[in-house]
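Participant: The chain contents come next:
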Amino acid sequence: MAEVLKSPAPARSAGGRSLPSRLWVLPPVVALGVFFLHPLALVVQQSFTPDEGGTSVEPYTELFASEVFHEALTTTVWIALAATAGCLLLGFLLALVIAFVPLPGGKAVSTFIDVFLSFPSFLITLALLFLYGNTGVANGLWTSATGAATGPFDFLTTPWGVVLAEITYFTPFVMRPLLAAFSQLDTAQLDVASSLGAGPLRIVRRIILPEALPALAAGGSLVLVMCLNEFGIVLFTGAKGVTTLPMLVYSKAILESDYPSACAVAVVNICLSVGLYGLYRVVSRRAGA
Amino acid sequence: MLVHSRAARWAVRILFLLLFLPLFVLPLLVIVAASLSSSWSGVLPSGPTGAHYTAAVRGDALTALTTSLITAVTASLLALAAGTWAALAASGAGRRTRRLLDALFMLPVAVPSVVVGLAVLVAFSKPPLLLNGTPSIVIVAHTVLVTAFAYQSVAAALARLDPAYEQAAAGLGARPAYVLWRVRLPLLLPSLTAAAGLCFALSMGELSATMMLYPPDWLPLPVRIFSATDRGSLFTGSAVAVVLMGTTLLVLLAVSRLRTRATFR
Chain D
1090 MAEVLKSPAP ARSAGGRSLP SRLWVLPPVV ALGVFFLHPL ALVVQQSFTP DEGGTSVEPY
1150 TELFASEVFH EALTTTVWIA LAATAGCLLL GFLLALVIAF VPLPGGKAVS TFIDVFLSFP
1210 SFLITLALLF LYGNTGVANG LWTSATGAAT GPFDFLTTPW GVVLAEITYF TPFVMRPLLA
1270 AFSQLDTAQL DVASSLGAGP LRIVRRIILP EALPALAAGG SLVLVMCLNE FGIVLFTGAK
1330 GVTTLPMLVY SKAILESDYP SACAVAVVNI CLSVGLYGLY RVVSRRAGA
Chain A
8 MLVHSRAARW AVRILFLLLF LPLFVLPLLV IVAASLSSSW SGVLPSGPTG AHYTAAVRGD
68 ALTALTTSLI TAVTASLLAL AAGTWAALAA SGAGRRTRRL LDALFMLPVA VPSVVVGLAV
128 LVAFSKPPLL LNGTPSIVIV AHTVLVTAFA YQSVAAALAR LDPAYEQAAA GLGARPAYVL
188 WRVRLPLLLP SLTAAAGLCF ALSMGELSAT MMLYPPDWLP LPVRIFSATD RGSLFTGSAV
248 AVVLMGTTLL VLLAVSRLRT RATFR
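Line by line, the protein sequences give chains D and A. Note that our numbering has the first sequence beginning at 1090, numbered continuously upward. Note that our numbering has the second sequence beginning at 8, numbered continuously upward.
None of the hints are false.
Sample of chain A residues at the chain D side, in silico, Cβ under 7 Å:
1. Phe23
2. Ala100
3. Leu214
4. Ala248
Note that these hints are calculated values from the structure, not bench results. Where a beta carbon is used, it is the ideal one built from N, C-alpha and C, also for glycine.
When you get a sec, could you build the whole thing from the sequences and use the hints?
Facilitator: Right under this line is the structure:
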């Protein structure tokens, strides 16, 4: 349609537009190249240049042989998978209620989610320190109820503390595409199914879930990438036992000043998350989001 | 509707609030409560005090606030300019160029922020562009990180834009520059302000890349919060965090008012 409308445009502008329009693309791409692509290439180059000089794969062989790296890789992946599963489950349930069980103040809830998303992630860990820390609310409730000296909640410095914080922070990222998908769902389908005698669980399973699958896949893979890349939450947890890949990049580069190793970890991390992000783009394009 | 009986509907609502309030609302309330108290050992905080705030708006913490504001405003304006330019150029280009630009400009979202910080640190620690140790290295990293979001929102808005207006203007003999300045940009204004707000909020809370490259005399609020909590002063950290949340909210509110004015024009 646009092509049809464009064709009667004067020949002068049609002929004169094609060359400048290519030139217009250049400045932002050059800026991106100087400030992002070139630095990224330097990281890759640095990762093949050990401190002794020359070009070798030594930083990688050293890295793949090290216990710390293997632990960081597995910790990163399982924390991200667990947090994503939690976000999907929780996000689906909450979005379901917001969309299909009218709630007084439902608009306030969605405004709150927008506000919540504009805050940095590490605030959640800071808050969890007060809620589940050694002298926090949960343990305080326990000790005053049972009279015990210490409470049972001591998971904040373990990977589970990171998982809880990531579920809290990233669930809204699943809820937003879901709510958008639910708003396009024809509610007449639900009414017909329910007047034919289908119960709520059956409606959810047979009508809502198939409709929500693309949005779930898109939201889930986005959250997976963000969990793999999350740094603030892990840093604020301050646990020596929880080392993820971004944390390893930070500690190698800043604390140990070992740039070749840091760059090698960074390259592994880039491959992992860029690969997944490519998958997310494909899935979300299929989902029409 | 999914649940028909009144009792079941209330049960679902109560269950929703039991999940929603402790998970999402409580953390923010806890930070505000902690910022106003001097100790927290037990169920409720004790020793109400405003001392953390007097510390949070004075000296080092005040410097951190202005540092954050300068960084966020500069980074979001630069990102908005670059993102809008790229999105406009992409919308005028062919299909393949557009997909390539999409992939290139969204790449910073996929790359971990820590790695973006490392890359900027490695690249600008040596001539010809020696920025390490200056505030501009922080601004560069923030700009790179938020440009993707500016590009994404402007490109989405451009795709929704009704082409009839610019075609009418062009058909009446307006030159491309005039069409851009008087037709397309005014129509895009609401999305531009929304993108600016998003970039500002992201830059205000940026910690990962900043931790990699901040110079000792340019400490934004998130770094200040981290160093406070790392030292064990959780309550001072909370007060600074409330200052961060409040500033972000105020600016977002101002931007959204600007946006409603722009939509009515």
